[in-house]
Amino acid sequence: MKLKSRGIKLIVLAAVLGTGLVSAGDYASVQTEDPVIKIVAKKFDYTPNEIKLKKGVPVILEFTTLDVFMGFKVPDLGVRADIIPGKVSRLRLVSDKVGTFPFVCDVFCGSGHENMTGTIVVTE
Amino acid sequence: MEKILDRREFLKLSGLAGVVFVSGLAGCSSMAKRSDAKEFYFVQLSDTHWGFKGPKVNPDAEGTLKKAVAAVNGLAQQPDFIVFTGDLTHTTDDPQERRKRLAEFREIVSELKVKKVHFMPGEHDASLDHGEAYQEFFGKTHYTFDHKGVHFIVLDNVSDPTASIGEAQLQWLATDLNAQPKDARIVVFTHRPLFDLYPQWDWATRDGDKAIALLMPHPNVTVFYGHIHQENHHMTGHIAHHSAKSLIFPLPAPGSQPKRTPLPWDAAQPYKGLGYRDIEADVQTAQYRITELPVVKG
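Line order of the protein sequences matches chains A and B. Those letters in the first sequence? Residues 84 to 207, per the working numbering, in order. Those letters in the second sequence? Residues 29 to 326, per the working numbering, in order.
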């Protein structure tokens, strides 16, 4: 029952976003069969900083930070997440467009903040 | 008016004047003349990043701000006031060093002849400690003041590290705007662009659209900001947004290269891409004539 409720939440969120291109969730406890890509943030980079996806194939991006509060934003895909020390943040992502899309830290984190970037590469 | 024409002529003759940009509403000229109609000018300096070290992008990092202060002091007619639109200092994780840089910056700009100077923080000054150190030196991070018929609003979109104005400040803005007459001449100073200029490089304010929505019912609003280290002129509806050059290093045009790395120093053209601006306010027409000025005369 609990899992069903969470599944409904995710569907509702995707519907609210209404993108058709990208659906996103930030549910630490979401249960899914989708592959997980772990991303570790620290001052001042992401590992990995290039994320390869297949068009139409959903993934869960799972974020942790080794030091301070960070952000993760992909403006071209309309999604973002907070990366909070001591917590795991998850973002479900599925893109129906191919291309290379930059992501940035959108929470000012220090002198190398401007260098905290990477790319999501979506192929057919 | 006579004084302003004299000053324009001086800038032209001295070769100081750069690109001139006129901002405002053409329709305003048909408005009834206000009894308090006046003209005046002020100077905007931005993104001085005191404490920055990077000889490849500015080998004169410790001299550029001082040269800008000297340049402003050398203007034939002194402005009514001066505004610094944030990133007074370059960020540091060390709270003591942050205070040292703020103190040194304050000492340098105390040499300005004009003593009416308005400050606001940039993310480099305020985002790591929510503006705590900045406020010790310069006071409030958002406030208003009035000058010769223009209502100036300073908005803080940096003390929150998420680049948000926040609901409390937005409510404060709404209350302030509600107290203004509909045709008030309103100028907003802020650090980050209020609109999504280029979010791929974090050139945006997360809830800037809410501030613009509050400003939109007012027909005479102009925004001056910094952050992107270059001129940019953009309209959101009838509201003009003008970013200023930096006084430490220029940044590339949005999206013009993969990363927003500073443009390298050009030894053949030192201080290229750096500068400050004077802004003439025509209160009657709500027009602002922007003249870009170099750090040193070329």
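A few of these clues could be false.
[As the list claims (entries may be wrong)] Going by beta-carbon spacing under 8 Å, a handful of chain B positions derived as facing chain A:
id, residue
1, GLN105
2, ASP121
3, THR190
4, ASP230
5, ARG288
These are computed hints drawn from the structure, not numbers from a lab. Quick caveat: nothing in here was measured; it's all calculated off a predicted structure. We put the CB at the ideal spot given by N, CA and C, even for glycine.
Hint check:
Interface restraint check: B/GLN105 against chain A, minimum CB-CB distance 38 Å, threshold 8 Å, status violated. Because the beta carbon of B/ASP121 sits about 6 Å from the nearest beta carbon in chain A, less than 8 Å, this interface hint is met. Taken as an interface hint, B/THR190 checks out: its beta carbon lies about 5 Å from the nearest beta carbon of chain A, inside 8 Å. The closest approach between the C-beta of B/ASP230 and any C-beta of chain A is roughly 5 Å, which is under the 8 Å cut-off, so the hint is satisfied.
Restraint check, B/ARG288 versus chain A: the minimum CB separation of about 6 Å is within 8 Å; hint holds.
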